Structures are given as C-alpha cells and as structure tokens.
Amino acid sequence: MFTRATQEAHTFIPVRNYSLGETLTSGQAFRWREVDREWEGVIGKRWVRLSQETGAIRAAAFETGSVEDWSWLKNYLQSETDLDRVISTFPRDQHMRAAISACPGLRLLKQEPWECLASFILSSTKQIVQIQQIIGLLCERFGEPIDTPSGRTVHTFPSAERVAAITEEDLRCCKMGFRAPYLRASAQMIARGDLDLSGIARLDVENARGELMRLPGVGRKIADCVLLFAYHFQEAFPLDVWILNAMRHLYFARRRPSPKGLLKFTQTYFGPNAGYAQQYLFHYMRTRIGRAKK
DNA sequence: ATCCAGGACCACT
DNA sequence: AGTGGTCATGGA
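Just so you know, numbering that gives the first Met the number 0 puts 20 at position 21 of the first sequence, and the rest follows in order with no gaps.
Just so you know, these hints were derived from the structure itself, not from any lab. Some hints here could point you the wrong way.
Label-pair restraints from in silico Cβ distances [claimed, not checked]:
id	residue 1	residue 2	range
1	Trp69	Met188	28 to 38 Å
2	Ala101	Arg140	19 to 29 Å
3	Leu243	Thr88	14 to 24 Å
4	Lys259	Gln6	45 to 55 Å
5	Phe177	His9	24 to 34 Å
6	Glu168	Leu194	38 to 48 Å
7	Arg201	Thr267	21 to 31 Å
8	Arg287	Asp203	30 to 40 Å
9	Glu52	Arg191	39 to 49 Å
10	Gln132	Ala190	17 to 27 Å
11	Val34	Arg91	32 to 42 Å
12	Thr124	His248	13 to 23 Å
13	Phe264	Met212	15 to 25 Å
14	Gln132	His9	26 to 36 Å
Each computed SDA-like pair below joins lysine to any residue, with the alpha-carbon atoms no more than 25 Å apart [as the list claims (entries may be wrong)]:
id	residue 1	residue 2
15	Lys220	Ile288
16	Lys44	Arg287
17	Lys73	Ala28
18	Lys174	Ile288
19	Lys259	Asn206
No experiment lies behind these values; they were computed from the predicted model shown. All C-beta atoms, glycine included, are put in the ideal place defined by N, C-alpha and C.
Given only the sequences and the hints, what does the whole structure look like? Please build it.
Right, dumping it as structure tokens:
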C-alpha cells in the first residue's frame with residue numbers, strides 16, 4: 000500500500016507595496032499567527048507559512064503531492080492587485096492620507112465565503128483576540144487534522160456540513176456564547192441548500208446582501224464584511240463601532256449623525272473602493288489612534 | 001469594579 | 001423608521 004508523500008513546497012510570489020504584517024493583523028482573517036517573523040496559517044486544506052522579503056513573499060505549503068500551481072495562494076493574497084491604483088480612488092483628505100501612510104501595503108485578502116461568514120458571525124461584540132480564540136477552539140475540536148513539517152498538527156476550518164451537525168452545547172464549549180445558535184442555524188441552512196453561498200458571487204450587491212441577511216445572526220454589518228472580504232464587492236462598507244467612532248471623530252466632529260446617514264455618506268464620499276478605504280481607516284484607528292476615539 | 005468589544009434581534013413606541 | 005434591553009465571555 001502506497002501513501003502519497005506529504006511534502007513541503009516553496010515559492011516566491013513577487014509583490015510590490017505589500018505588507019503581510021499589516022494585512023494579516025487587520026481584523027479581516029483570524030487564523031494567522033506570527034512565529035519567529037513568519038506567518039503560519041491554514042488556507043483551505045493546506046497549511047501555509049509566509050514571510051516578507053523585499054519585492055516578494057516567500058511561501059511554503061504542506062500538502063500531498065507536488066505543488067506547481069500557486070494560483071490559489073496568489074488569489075488569497077491578492078498579490079497581483081494594483082494597490083496604488085486602488086488607493087488613487089480614495090478621497091484625499093488628511094485622515095485618509097494619515098491612514099494610508101500609517102498602514103503602507105495593507106491589502107484586502109480574498110477569503111473563502113463560508114469561513115469568512117462563520118468567522119464574522121462569531122465576531123459580534125468580541126475583541127479580535129477573543130475572536131481568534133473562539134475560532135481556534137472551533138477548528139481544533141471540529142476541523143480536519145493536517146500534518147505540518149514541525150510535527151505539530153493543525154486543523155482546517157470545519158465545513159458548514161460539519162458545523163451543522165454539532166450540538167449547540169458543544170459549540171458553546173468553544174466560548175462563543177449566544178452566537179452558538181446563530182452559527183449552527185446558519186450552517187444548517189447552507190448545508191441543506193436553503194442558501195447557496197457560491198451563487199452569491201453572481202448577484203448584484205443589494206441582492207447578495209439580502210441573501211446573506213436571511214441567515215440568522217447576520218445583519219447589515221456582518222453581511223458587508225462577507226461581501227467585502229470574501230466576494231470583493233468594493234462598495235460594501237462594514238460599519239462597526241470603530242468605524243462609527245472614526246467617522247464621527249474625524250469627519251463629523253462630534254455631531255452625531257445616525258448610522259444610516261453615515262452609510263449614505265460613505266457610499267458617495269469614499270468612491271468606488273469604499274470598502275478598501277474602510278479597511279485602512281479601521282486598521283489605522285485600531286492600531287495607531289487607539290483610545291483617542293470619542 | 002465597570003465598561004466595552006469588527007452586532008443581531010426583539011419588543012416597544 | 002427609530003430607541004432600549006438582552007444575549008455570553010473576557011480584555012482593558
């Protein structure tokens with residue numbers, strides 16, 4: 000009986016103006032961890048290690064068979080997106096300028112829809128470190144094990160079918176609290192085929208958002224996260240507490256426009272890549288401004 | 001100890 | 001169409 004060798008494959012992905020660190024810590028993906036100046040994570044069924052070089056990202060993947068086609072990784076990293084062209088569409092006010100210069104090379108990843116959706120269902124009123132912890136527990140307990148070169152075992156993100164079969168009690172053991180029934184019921188709708196995640200890519204943004212919001216635990220904000228981070232609807236603009244405070248603080252100097260009014264403002268003001276601009280503001284506020292909000 | 005976190009949902013006006 | 005309370009858990 001032959002077992003196909005599991006082996007580590009390497010490549011260099013040429014990049015320009017790309018910061019792995021800013022990108023992987025900006026609150027869009029939650030499974031990356033920094034180990035000795037390298038980044039380790041799981042994409043689909045592959046364990047991956049990335050590191051920043053000048054002009055390239057060095058990548059190692061660990062899987063059965065040989066790896067010759069790296070398009071799955073380039074697609075995830077969006078390494079071929081012309082970031083300068085995206086940024087050129089941002090408004091040129093002082094706050095955007097500050098955010099852009101504070102987070103050079105920050106990118107939007109292109110994530111798998113189910114993992115992205117489930118992750119953000121688990122994100123509500125949680126800090127990013129806690130979201131990472133919850134997702135880590137969920138994967139460790141219910142994902143499929145993957146070998147790594149170091150001998151450490153990591154796990155895939157459990158599929159919708161798998162999550163649908165987990166009891167609410169077992170989900171709550173992953174510390175997700177009141178989000179457990181939301182995650183479970185959403186997984187069941189997807190597993191049953193009541194909602195087709197792959198079909199959402201073909202819809203216009205309003206219908207795509209409407210589809211996602213049929214899922215329990217998915218409102219406007221989480222839907223916009225999935226629209227932006229998994230489907231790349233560039234006009235999706237996740238309006239969370241950080242962005243809300245940023246907008247009020249930076250653009251509306253303590254007048255207090257309603258969230259609805261703010262959303263309308265963002266759609267015209269931030270241009271065709273509003274969601275991308277939002278990610279810069281979010282990361283900028285969260286890492287550089289910190290408590291200076293309000 | 002008190003407040004708050006990449007919210008959604010329900011019951012109220 | 002807009003408010004307020006509630007949900008679970010752990011940082012700050």
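We went through each hint and held it up to the structure:
Our hint of 28 to 38 Å for Trp69 and Met188 holds, since their Cβ atoms are close to 34 Å apart. Restraint check, Ala101 to Arg140: a C-beta distance of roughly 37 Å breaks the suggested window 19 to 29 Å. One distance hint, 14 to 24 Å for the beta-carbon pair Leu243 and Thr88, holds here, with the actual separation near 23 Å. For the pair Lys259 and Gln6, the supplied restraint of 45 to 55 Å holds, since their beta-carbon distance comes to about 53 Å.
Evaluation of the 24 to 34 Å hint for Phe177 and His9 yields a failure: the beta carbon distance comes to about 43 Å. Under the hint 38 to 48 Å, the C-beta atoms of Glu168 and Leu194, about 25 Å apart, miss the expected range. At about 26 Å, the beta-carbon gap between Arg201 and Thr267 stays in the expected band of 21 to 31 Å. Range check, Arg287 to Asp203: about 35 Å between beta-carbon atoms, so the 30 to 40 Å window is met.
The hinted range of 39 to 49 Å is satisfied by Glu52 and Arg191, whose Cβ atoms lie roughly 45 Å apart. Between Gln132 and Ala190, the C-beta spacing of about 25 Å keeps the proposed range 17 to 27 Å intact. A hinted range of 32 to 42 Å for the beta carbons of Val34 and Arg91 is consistent with their spacing of about 38 Å. About 21 Å separates the C-beta atoms of Thr124 and His248, a value consistent with the hinted range of 13 to 23 Å.
The hint said 15 to 25 Å for the Cβ distance between Phe264 and Met212, and at roughly 22 Å that hint holds. Roughly 31 Å separates the CB atoms of Gln132 and His9, a value that falls within the hinted 26 to 36 Å. Distance hint between Lys220 and Ile288 is fulfilled; the C-alpha atoms sit about 22 Å from each other, no more than 25 Å. Proximity of Lys44 to Arg287 is assessed by CA-CA distance (about 34 Å); at most 25 Å being required, the pair is judged violated.
The straight-line distance between the Cα atoms of Lys73 and Ala28 is roughly 16 Å, inside the 25 Å bound, and the hint therefore holds. Proximity of Lys174 to Ile288 is assessed by CA-CA distance (about 29 Å); at most 25 Å being required, the pair is judged violated. Proximity of Lys259 to Asn206 is assessed by CA-CA distance (about 19 Å); at most 25 Å being required, the pair is judged to hold.
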